[in-house]
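Trainee: Here is what each chain is made of, one letter per residue.
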Amino acid sequence: MGTFAEDVVGMLEPLVGHMVADTCVRATALSLGKSSGDLVSEDLPTLTQNVRRLLSPVAPRETIDAIVLRIEGDL
Amino acid sequence: MAAGRTYSKRTWAVLILGVVAAVTVQLLVMAGVGGEFVSTAVSDIGGVLIIGTAAVVTIRTAMRFGKGEPLRRQWLAIGLGIMLYTLGDVVWTYIELVQRAEVPYPGLPDIMYVALYVFLGYGIVSAAYAYRGLVKIKRPLMVSASVTLVTGVVLYVVLIRDIIADSSVGLLEKLLGLYYPVADLALLLGPAIFIVLVVAQLGRGSLAVPWRFVMAGMAMLAVADTVYQWLEWQGLYAAGSIVDLGWMLGYVLIAVGASIMRDLILPEPSGRTPR
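Chains as they are written, first to last, in the numbering used here: chain D, 26 to 100; chain X, 518 to 792.
A portion of the hints provided could be inaccurate.
Not close to chain D: a few residues of chain X, all C-beta gaps over 12 Å, as computed [stated by the list, open to error]:
1) T578
2) E586
3) W728
4) Y745
Not everything, but these chain X residues come out facing chain D in the computed CB check (under 7 Å) [to be verified]:
5) A717
6) G722
7) L724
8) L748
9) G752
10) L753
11) A755
Think of the hints as simulated: they come from the structure by calculation, not from any bench. Keep in mind the model is a prediction, meaning the values are calculated, not measured. Heads up, the beta-carbon is just placed ideally off N, CA and C, and yes, glycines get one too.
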């Protein structure tokens, strides 16, 4: 099992590819003044908020909802 | 998950039936089955049905997104662009088959054909621009602009220069003769290259797949349009020309892209299945 950040990237990757998935995670870490590797499950609300904000212009809302639900359920 | 590479029966149907229908229409017209009038009817009506279906598929995808969703606006613009082409073809068909007259150039269908570029171009550019917070868009913009410019220079030498120099045609005909190839480049080919370079940064991400089909379709349309303009200018174009197949396949590919985008809509967390 990987770090929290790696797990989130793994869940986003099939939809948006590795680079964009990594961007979502790094943007969250940056907004919290952390590095990606320092993210923990307590950062989940900020992470899901960032995922919604960054992906909503390019991905279907229902798909984002389903992925966010999966992240919240699995992590 | 649908974000994997499993596509719906609808998507496969759009792809296979669309390609088979387009090729069948083309073969029937080229074979001249039933004489000249029947061939024209098959070409005109076949084109309307195939491209009209592509418009419906694309608009249905757009309507599947919520009212405030950017994807709805992007796909609706593309779908309306295809619908405008279909309406232009309906008028064309009416003139040729019902009035049994030669379609004037410039004529009523050109109003629709001119307008469609704005919708298609807007849909593609706004879709690509939506990625600005996620990937680099400056380089794709510069590359697509450069390719468009170079192609424009080639087009100027091959076609546009002759159109401008020809004193035997009227101003409106001349303006349209210039508008189509320029719009093909600036509003179809350029934006298509732009978005495919933008989504290339998604790597194997499934969100990139619909736009690759759209890019292929747009490129096919741009080539078909340009060849048509050249043939028309040389007085060589006739119904059943291979460029007709390019138009039909181009719009079919865009509709396939739209259908794949719809496949990417995952069921809501409540378990409600997609419409």
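Trainee: The structure should be examined with respect to each hint, and the outcome stated for every one.
Mentor: Now the hints, each set against the structure:
no.	hint	result
1	T578	violated, 10 Å
2	E586	violated, 6 Å
3	W728	violated, 10 Å
4	Y745	holds, 33 Å
5	A717	violated, 9 Å
6	G722	holds, 3 Å
7	L724	holds, 6 Å
8	L748	violated, 39 Å
9	G752	violated, 46 Å
10	L753	violated, 43 Å
11	A755	violated, 43 Å
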